[in-house]
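Participant: If you read the sequences in order, they're chains H and P. My numbering puts the first residue of the first sequence at 113, with every later residue one more than the last. My numbering puts the first residue of the second sequence at 375, with every later residue one more than the last.
Hints in this document: simulated from the structure, not taken from any laboratory. Incorrect hints may appear among the rest.
[Said to hold, decoys possible] List time: in silico SDA-like cross-link candidates among lysine to any residue, alpha-carbon distance up to 20 Å:
id: 1; chain 1: H; residue 1: Lys-242; chain 2: P; residue 2: Asp-475
id: 2; chain 1: P; residue 1: Lys-748; chain 2: P; residue 2: Gly-649
id: 3; chain 1: H; residue 1: Lys-182; chain 2: P; residue 2: Gln-547
id: 4; chain 1: H; residue 1: Lys-384; chain 2: P; residue 2: Asp-669
id: 5; chain 1: P; residue 1: Lys-748; chain 2: H; residue 2: Asp-393
id: 6; chain 1: P; residue 1: Lys-545; chain 2: H; residue 2: His-163
id: 7; chain 1: H; residue 1: Lys-299; chain 2: P; residue 2: Asn-478
id: 8; chain 1: H; residue 1: Lys-182; chain 2: P; residue 2: Asp-551
id: 9; chain 1: H; residue 1: Lys-182; chain 2: P; residue 2: Leu-553
id: 10; chain 1: H; residue 1: Lys-357; chain 2: H; residue 2: Trp-221
id: 11; chain 1: P; residue 1: Lys-748; chain 2: H; residue 2: Gly-386
id: 12; chain 1: H; residue 1: Lys-255; chain 2: P; residue 2: Tyr-473
id: 13; chain 1: H; residue 1: Lys-182; chain 2: P; residue 2: Glu-489
id: 14; chain 1: H; residue 1: Lys-259; chain 2: P; residue 2: Glu-469
id: 15; chain 1: H; residue 1: Lys-259; chain 2: H; residue 2: Asp-222
id: 16; chain 1: H; residue 1: Lys-244; chain 2: P; residue 2: Asn-478
id: 17; chain 1: H; residue 1: Lys-262; chain 2: P; residue 2: Tyr-473
id: 18; chain 1: P; residue 1: Lys-545; chain 2: H; residue 2: Ser-162
id: 19; chain 1: H; residue 1: Lys-384; chain 2: P; residue 2: Asp-672
id: 20; chain 1: H; residue 1: Lys-299; chain 2: H; residue 2: Asp-392
id: 21; chain 1: P; residue 1: Lys-532; chain 2: H; residue 2: Tyr-189
id: 22; chain 1: H; residue 1: Lys-182; chain 2: P; residue 2: Asn-542
id: 23; chain 1: P; residue 1: Lys-748; chain 2: H; residue 2: Gly-390
id: 24; chain 1: H; residue 1: Lys-182; chain 2: P; residue 2: Asp-552
id: 25; chain 1: P; residue 1: Lys-545; chain 2: H; residue 2: Leu-181
id: 26; chain 1: H; residue 1: Lys-182; chain 2: P; residue 2: Arg-513
id: 27; chain 1: P; residue 1: Lys-748; chain 2: H; residue 2: Gln-298
id: 28; chain 1: H; residue 1: Lys-255; chain 2: P; residue 2: Asp-552
id: 29; chain 1: P; residue 1: Lys-748; chain 2: H; residue 2: Ser-450
id: 30; chain 1: H; residue 1: Lys-244; chain 2: P; residue 2: Asp-551
id: 31; chain 1: P; residue 1: Lys-532; chain 2: H; residue 2: Asn-190
id: 32; chain 1: H; residue 1: Lys-182; chain 2: P; residue 2: Glu-541
id: 33; chain 1: H; residue 1: Lys-182; chain 2: P; residue 2: His-520
id: 34; chain 1: H; residue 1: Lys-244; chain 2: P; residue 2: Asp-475
id: 35; chain 1: P; residue 1: Lys-748; chain 2: H; residue 2: Asp-392
id: 36; chain 1: P; residue 1: Lys-748; chain 2: H; residue 2: Leu-389
Now for the letters of each chain:
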Amino acid sequence: MARPMGPVRLKKTNPLTLLIGAALCIFILYFLLGSSAPDFSAARKATAASHPLSPPTSPFRQSSSGGKLKPPPVTRYNLNNVTITNTPIENRENVLVLTPMARFYQGYWDNLLQLTYPHELITLGFILPKNKEGNAAYAELDKQITKTQKYGPEKDRFKSIIILRQDFDPPLVSQDEAERHKMQNQKPRRAAMAKARNSLLFTTLGPDTSWVLWLDADVIETPPSLIQDLAFHNKPLIAPNCFQKFYNSEKKKMDERPYDFNNWQDSPTALKLGESLGPDDILLEGYHDMPTYRTLMAYMAEDGGDVHYEIPLDGVGGTALLVKADVHRDGAMFPPFSFYHLIETEGFAKMARRLGWQATGLPNYKVFHYNE
Amino acid sequence: MLPFASSGSKVTPRHHVSGYSNGYPRGGTFELSPHRFQPRGTTPSFRRRRRLFVRLGIVAAICVLFYMFVRPGGGSLFSLFSLGLLSSGDDFQLETVRYYDLSNVQGTAQGWQREERILLCVPLRDAESHLAMFFSHLRNFTYPHHLIDLAFLVSDSKDRTLEVLVENLEKIQADEDDLQHYGEISIIEKDFGQKVNQDVESRHGFAAQASRRKLMAQARNWLLSAALRPYHSWVYWRDVDVETAPFTILEDLMRHNKDVIVPNVWRPLPDWLGGEQPYDLNSWQESETALALADTLDEDAVIVEGYAEYATWRPHLAYLRDPYGDPDMEMEIDGVGGVSILAKAKVFRYGVHFPAFSFEKHAETEGFGKMARKMEFSVVGLPHYTIWHLYEPSVDDIKHMEVSQTTQPLEYNWSHQPNSWQQMEQEKLLHEQEEKQKAEKARKMKESFGDTASQWEKDKNEMQNIAFQEKKKQASSESKKSEKSEKAEKPVVKPQTEERKEGRKEAVEEIGRKRKGGGSREKSEER
Chain H
113 MARPMGPVRL KKTNPLTLLI GAALCIFILY FLLGSSAPDF SAARKATAAS HPLSPPTSPF
173 RQSSSGGKLK PPPVTRYNLN NVTITNTPIE NRENVLVLTP MARFYQGYWD NLLQLTYPHE
233 LITLGFILPK NKEGNAAYAE LDKQITKTQK YGPEKDRFKS IIILRQDFDP PLVSQDEAER
293 HKMQNQKPRR AAMAKARNSL LFTTLGPDTS WVLWLDADVI ETPPSLIQDL AFHNKPLIAP
353 NCFQKFYNSE KKKMDERPYD FNNWQDSPTA LKLGESLGPD DILLEGYHDM PTYRTLMAYM
413 AEDGGDVHYE IPLDGVGGTA LLVKADVHRD GAMFPPFSFY HLIETEGFAK MARRLGWQAT
473 GLPNYKVFHY NE
Chain P
375 MLPFASSGSK VTPRHHVSGY SNGYPRGGTF ELSPHRFQPR GTTPSFRRRR RLFVRLGIVA
435 AICVLFYMFV RPGGGSLFSL FSLGLLSSGD DFQLETVRYY DLSNVQGTAQ GWQREERILL
495 CVPLRDAESH LAMFFSHLRN FTYPHHLIDL AFLVSDSKDR TLEVLVENLE KIQADEDDLQ
555 HYGEISIIEK DFGQKVNQDV ESRHGFAAQA SRRKLMAQAR NWLLSAALRP YHSWVYWRDV
615 DVETAPFTIL EDLMRHNKDV IVPNVWRPLP DWLGGEQPYD LNSWQESETA LALADTLDED
675 AVIVEGYAEY ATWRPHLAYL RDPYGDPDME MEIDGVGGVS ILAKAKVFRY GVHFPAFSFE
735 KHAETEGFGK MARKMEFSVV GLPHYTIWHL YEPSVDDIKH MEVSQTTQPL EYNWSHQPNS
795 WQQMEQEKLL HEQEEKQKAE KARKMKESFG DTASQWEKDK NEMQNIAFQE KKKQASSESK
855 KSEKSEKAEK PVVKPQTEER KEGRKEAVEE IGRKRKGGGS REKSEER
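Only chain H is shown next, with the shape it has when bound in the complex (with noise of 0.2 Å):
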């Protein structure tokens, strides 16, 4: 008799109430599995790793049984298959985000989810120093990563993110802008730039990436259709314009400024003058006393160009750049020494040319950096 009233209960049940409770769990069953949309979840399946051990640039599926891991299976990834084409959504090609960081803009992060290429193809890559501004940083960009994909809608979520940390031999001292952009300073910290970036890119560059977008984590403000606009020309090393927008107290109202000075074609003053630096000197964009007479894309840009007008590059700057992985994997990389006489960036393009890859650039398509 330790349930007196058991038999009370069954017998007052009406059908009409079990109906209802099996209707009813239906429909909770309904939504539970309506609410991850059926087709995304399953190309995100099928892309999923089955052991921890695998490219990062893809998710894998955990094993929540306590016991042993089975040893991992042999993993075959046959990169002829690997298409990079100007039509990279249909063609389902993945795309690799790297970003170096040391400061987080909600800007950038609010940018990034209002790209729209399908977000189950674009796997985030970050490096982020070990340091209190490093730490900062991650804080800010782990909240909206958690917020993003665990509890954003479905097409917001990114096929996987990978997060390093590092830290630098000379540490990636104030982002001041003033600070970082003082002449003495630039080599060391392109340098430490360099292997950051190298760093990203050599551990995330899995076997199935078609395309790499270096973007950099200051830039807030791109065209929603960024990546298959730059893809769609189908360039090896393509960069788009980098200005900034600011308040212009002369004219009262916003405008808009050439930012980034590191795209840009040869000239032959600066050929001459880098014959005469030793071999360790590198040669900058941008500062007065090292006039080099490089023709800077920064200030090709037309208002009302056509945005699809092409112009070919010998240096490039990082704030945003499309790179077909294949260059990458060829070996091209950010020399974080002198080679011949250009830097970090620059000097890829230049590593580029040498595997026989040209740098293009589009005056007239923008991208807006954040204005300190």
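Chain H is fixed; fit chain P onto it per the hints.
Facilitator: Using the frame of chain H, we list chain P on its own:
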């Protein structure tokens, strides 16, 4: 007995023997607990109706569930159930965010104690015949296998390399012994459309070298960029046709705690060619002559070591070997050979790679060494720590062996050792079955190492001889630089070659052949 007790009266006796006193009527005499609550009886029609409802409900539920299972994309329902029942992974447990701290994977001298992961990279091309030997090495590594991730690049292969590779790897992962299981295993397939012929002669032709080495560099970079992960502390490059190497080679090299480190690579030879020979000439120290030479060449030229066309007079790691020397002795080098390189993963993370273009007039592994030096990493070689490369006879060797066999058949009936060599070459010529070749190889391995003890003395003499000649060479080089290359390397030739009928003329050819054969390119190209 009281009369009313049996009369069926509704009145319950107050002091009945059975002691029930709750006022309820007694039912049947044998009722055990007659005072339990008795529900109002359900009418049969009501009961039937309810049964009908329940049945209808069950049918409806089954229909709905069936529909959910069957419709496309319904797989997620399975996962929903298996979540609870089988606790297997599903999309609710997809891990999409990964966090790595690269300062934990810098690489230390005692990696096996700190559980540091190694990425073992093996480029392969038409290497089916070497795989059996390679896997025997793989099984014997003493470094904890679960800390080693394997990555293979199979490119432009026309034989069954891929199938044999997969078969062997799956066998290892399914091994009963847990200690045999390796970590992540990736096989990268990529065809570069290499046009260059892979036979020994064309592989070592001078003209083809530059473009060949650039292609190989490209292949190595593709393999590395696809396989390097944020959790790797070390990267070990190993050619598939290393015949003999210590099982502890990973720990031995790691112990030095250098950014890039290579052992000395030699190869055994048949007795009539001198018993052994330096193999990898790509590990060297830079020389003034070579730097001056580099300045005269155009931007895309590639200096390849071991060819008369480029006389560099560089000290080679290979020639400095002393069989009795301290195996821990280190030597700073500038160019490295690719047969067996252990490097900290941070070297590759920071951007050092195998230049597929002319980097300071070098490409591939030599360019790798140069680039590592440029980025201020330590690059050392171990002159007295030797691993042995497989000997593959050149066309000339095979001819010679054929000739000597037909002209002196009796000799081989008595002397066992040359016999095995002869047989092997013949088999290769006759394209005999792979099985037989394997057996021969095993035998050859045993033999070439059986007699090393007796060789030590001879080797020592030779080494001294070579050292002496090197000195002379360097002295003369001041004045005559590049023209003299041919003569200078002569001391390498062993006296045994004189046995040959053609004598001197052949000896000269031999030098040429050895030089060509000397490069690690020989092997790395093998894939």
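Participant: Determine for every hint whether it applies to the structure shown.
Facilitator: Structure-based check of each hint:
no.	hint	result
1	H/Lys-242 <-> P/Asp-475	9 Å, holds
2	P/Lys-748 <-> P/Gly-649	38 Å, violated
3	H/Lys-182 <-> P/Gln-547	9 Å, holds
4	H/Lys-384 <-> P/Asp-669	18 Å, holds
5	P/Lys-748 <-> H/Asp-393	13 Å, holds
6	P/Lys-545 <-> H/His-163	18 Å, holds
7	H/Lys-299 <-> P/Asn-478	27 Å, violated
8	H/Lys-182 <-> P/Asp-551	13 Å, holds
9	H/Lys-182 <-> P/Leu-553	12 Å, holds
10	H/Lys-357 <-> H/Trp-221	18 Å, holds
11	P/Lys-748 <-> H/Gly-386	19 Å, holds
12	H/Lys-255 <-> P/Tyr-473	14 Å, holds
13	H/Lys-182 <-> P/Glu-489	18 Å, holds
14	H/Lys-259 <-> P/Glu-469	15 Å, holds
15	H/Lys-259 <-> H/Asp-222	12 Å, holds
16	H/Lys-244 <-> P/Asn-478	18 Å, holds
17	H/Lys-262 <-> P/Tyr-473	16 Å, holds
18	P/Lys-545 <-> H/Ser-162	19 Å, holds
19	H/Lys-384 <-> P/Asp-672	18 Å, holds
20	H/Lys-299 <-> H/Asp-392	10 Å, holds
21	P/Lys-532 <-> H/Tyr-189	18 Å, holds
22	H/Lys-182 <-> P/Asn-542	18 Å, holds
23	P/Lys-748 <-> H/Gly-390	15 Å, holds
24	H/Lys-182 <-> P/Asp-552	10 Å, holds
25	P/Lys-545 <-> H/Leu-181	17 Å, holds
26	H/Lys-182 <-> P/Arg-513	19 Å, holds
27	P/Lys-748 <-> H/Gln-298	19 Å, holds
28	H/Lys-255 <-> P/Asp-552	40 Å, violated
29	P/Lys-748 <-> H/Ser-450	9 Å, holds
30	H/Lys-244 <-> P/Asp-551	46 Å, violated
31	P/Lys-532 <-> H/Asn-190	16 Å, holds
32	H/Lys-182 <-> P/Glu-541	18 Å, holds
33	H/Lys-182 <-> P/His-520	11 Å, holds
34	H/Lys-244 <-> P/Asp-475	15 Å, holds
35	P/Lys-748 <-> H/Asp-392	10 Å, holds
36	P/Lys-748 <-> H/Leu-389	17 Å, holds
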